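Asker: Letter by letter, the chains look like this.
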Amino acid sequence: MTERKIKVETLTRVEGEGGLYVRLQGEQVEEVRLEIYEPPRLFEALLRGRPLEDAPDITARICGICPVAYQMSSVHAMEMALGVEITPEIRRLRRLLYCGEWIESHGLHMHLLHAPDFLGFESGLAMAKQFPDEVNRGLRLKKHGNQLVDLLGGRAIHPVNVCVGGFYRIPSRNEFQKLVPDFEWGLNAAIETTRWVAGFEYPELESECEFVSLSHPDEYPMNEGVMQTSSGDQIEISDYRDEFQEQQVPHSTALHAIRKTTGRPYLLGPLSRVNLNRDRLSPSARKLADEIAFEPECRNPHRAIIARGLELVHSYEEALQILRDEHSTRQPRVTYDYQAGVGMSATEAPRGTLFHRYEIDTEGKIVEADIIPPTSQNQAQIEVDLKAWVGQVIEKEESQAARLCENLVRAYDPCISCSTHFLNVTIERS
Amino acid sequence: MCKPRLAVFKFASCDGCQLSLLDAEDHLLAVADAVEIVYFPEATSHMEEGPYDIALVEGSITTPHDAERIQQIRKDARYLMTIGACATAGGIQALRNWADKDEFMQAVYATPEYIQVLETSTPIAEHVQVDFELRGCPINQYQLIEVIRSLLAGQTPRTPRHSVCLDCKRRGTVCVTVAQGTACLGPVTQSGCHALCPSYNRGCYGCFGPALQANLVSLSEQMEREGASKAEIAHKLKNFNAYSHAFRTESTRLVQLEGDQRG
Ligand code: SF4
Ligand code: SF4
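Protein chains in written order, with the working numbering: chain A, 9 to 438; chain B, 73 to 335.
Okay, chain A solo, but in the shape it has when bound (with noise of 0.2 angstroms):
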């Protein structure tokens, strides 16, 4: 029996560096490796002895694409930790800077990163030539993300506003509300982005994992809630760890987590949270997945940039509710006094549930550091996805192989720079 190999050196359009191999012994696939090399860099380690109010700033540059995440699970546990109580105003404040976020993540990765998969193009800027509104329009709702992180966070990479406690300073009532007309444009662009995307053609793929996210009782999961699962378990962010375990592999700089319960992976991200918290997204998003109608349960995680679609729908509807009532008169952030204690803190990344955990003495030093970045507890999910998918496309010629395992790849988003603690495709036939 000859053996194949599928390599792919460099993932491309993703966030990071990494490659996948996978090895079959006749038309039996014997092992699949996402391979992160991305290069370690220990912020666990560096965090420590240094003071509280560094975390938001250094954990930001985990990832330049999602820094809000990192932003916010930081200061939420480190509240946690101080039993800093914070004032609604800014936790709603919190969630128009996650919403910022998203449209930027979910912008780009629709309309540069994927698509270009379903209309056979190698990147988004030579599909512009043929797609030139399509392309225009997602720069565009890319743009207003940016706008907003960088209103409200000051720069829309590695934003410089956010503290513990809150804000160094809430813009004004007029800053806020000259982004309304572009947003009510973006709103629209959003539902013409999702009913483009959901005509594409998808290739059957059926995943077996279990959807993990947060889950809110009265709002769409972003920045607080219980972890839910579609096994129907809930399990409260303080159990994170005992839950959830994250393991080390030999092939990859990232480690891969499993429930500690079935010992299997598990999925989190936008399909995860759809699936979860269909009936808690804003009025047009749920309309719009009926009108699309969007499996109640969706399995398929090609099928991922819809529910990215519908998640941008959603953010651009709350962004706009926050935009137009905003008053600004109030108490930036809430000052706090040391005292020794632990925190910890799940929000919900473009890409999924990021976990922080700190322990800090009582000069307000952190002695401890746990973070736990969706793109390395999906990695586990996305290999066994693969797996099954590269027994479906293994007949056909090796390029056209690897190009369509690394296009499964890049539907679940994966953000390799900040599994720090993630793609090439390599297949290998015996």
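I should point out that these hints are in silico values taken from the structure, not numbers from a laboratory.
Keep in mind it's a predicted model, so treat the numbers as computed, not measured.
Warning: the hint list may mix true and false statements.
Below, simulated SDA-like cross-link-like pairs (lysine to any residue); rule was C-alpha separation at most 25 angstroms, straight line [stated by the list, open to error]:
| id | chain 1 | residue 1 | chain 2 | residue 2 |
| --- | --- | --- | --- | --- |
| 1 | B | K241 | B | T254 |
| 2 | B | K302 | A | Y344 |
| 3 | A | K15 | A | E97 |
| 4 | B | K173 | A | L412 |
| 5 | B | K173 | B | E304 |
| 6 | B | K241 | A | D226 |
| 7 | A | K186 | A | E97 |
| 8 | B | K241 | A | P179 |
| 9 | A | K373 | B | A255 |
Could you slot chain B with the ligands onto chain A? The hints should help.
Answerer: Relative to the frame of chain A, chain B with the ligands by itself:
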């Protein structure tokens, strides 16, 4: 005529600096028209081998493999330009240059032996000759477009080397140190952000690295007069540009002085 060939490479980094190129929405399609993007894995699956006219390099050198990879990129590139604090100063990950790398690895990984890393995280210029360094964590996208433009026009790119303070005066931001007693690295930090932090009511934390004629000793003394300890000031300098010559020298001096005082 052939368009100039542009390539974007990544080492240890967060992708934020290369994302700045995708974030230049209004200029992106124009840039993509003016140059041929022949290697940019974050944006396109189209990948060509060198030679390249401009290589943009993000990230610092932290693994033996990367130390070799940068040599080939240098051979392939006419102009090699580093983008961001990681590539020009080692980045936040350079904090391990002061620590025991093995202990750091053990703190994060159960089996550190699976992973090969160097003792230090170093800027690109410590490995190969660099034609231009663009500062910032992240870089400023307008500066990036301007630098690419000048390189293509055969001009020497210029970016301002004055301190953040001057920009505060220009935009009329009230000094956060004078008015509120907030510790600020603005006097020793290079401009490039349009004095962002003070305009949001906080002190600069030095993300563009040292300004040209930064007097760090003088700033430390001022901060001490305002009540900061040497250890606190050293911590402020040990940030995204910790391993830049000026910040490194001053934080080392402060730590030594403190050690001497303690005897
Ligand atoms: S310099 Fe800052 S923004 Fe740029 S890659 Fe490094 S950490 Fe990211
Ligand atoms: S003020 Fe300082 S820390 Fe803030 S963005 Fe500018 S250079 Fe960076």
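Asker: Now look at each hint and say whether the structure bears it out.
Answerer: Tested hints:
Between the alpha carbons of B/K241 and B/T254 the distance comes to roughly 17 angstroms, so the proposed pair stays at or under 25 angstroms and holds. In summary, the hint linking B/K302 to A/Y344 is supported, as the alpha carbons are separated by about 24 angstroms, within the 25 angstroms threshold. For the hint pairing A/K15 with A/E97, the CA-to-CA distance comes to about 50 angstroms; that exceeds 25 angstroms, so the pair is violated. Proposed proximity of B/K173 and A/L412 is contradicted: the alpha carbons are some 39 angstroms apart, above 25 angstroms.
Annotation: proposed proximity of B/K173 to B/E304 holds, straight-line Cα distance about 23 angstroms (limit 25 angstroms). Restraint check for B/K241 and A/D226: the C-alpha separation of about 47 angstroms exceeds 25 angstroms, so the hint is violated. Straight-line distance between C-alpha atoms of A/K186 and A/E97 comes to about 19 angstroms, which keeps the hinted pair within the 25 angstroms bound. Between B/K241 and A/P179 the CA atoms are separated by roughly 21 angstroms; this keeps the pair inside 25 angstroms, and the hint holds.
Restraint check: the Cα-Cα separation between A/K373 and B/A255 comes to about 18 angstroms, which is no more than 25 angstroms; the hinted pair holds.
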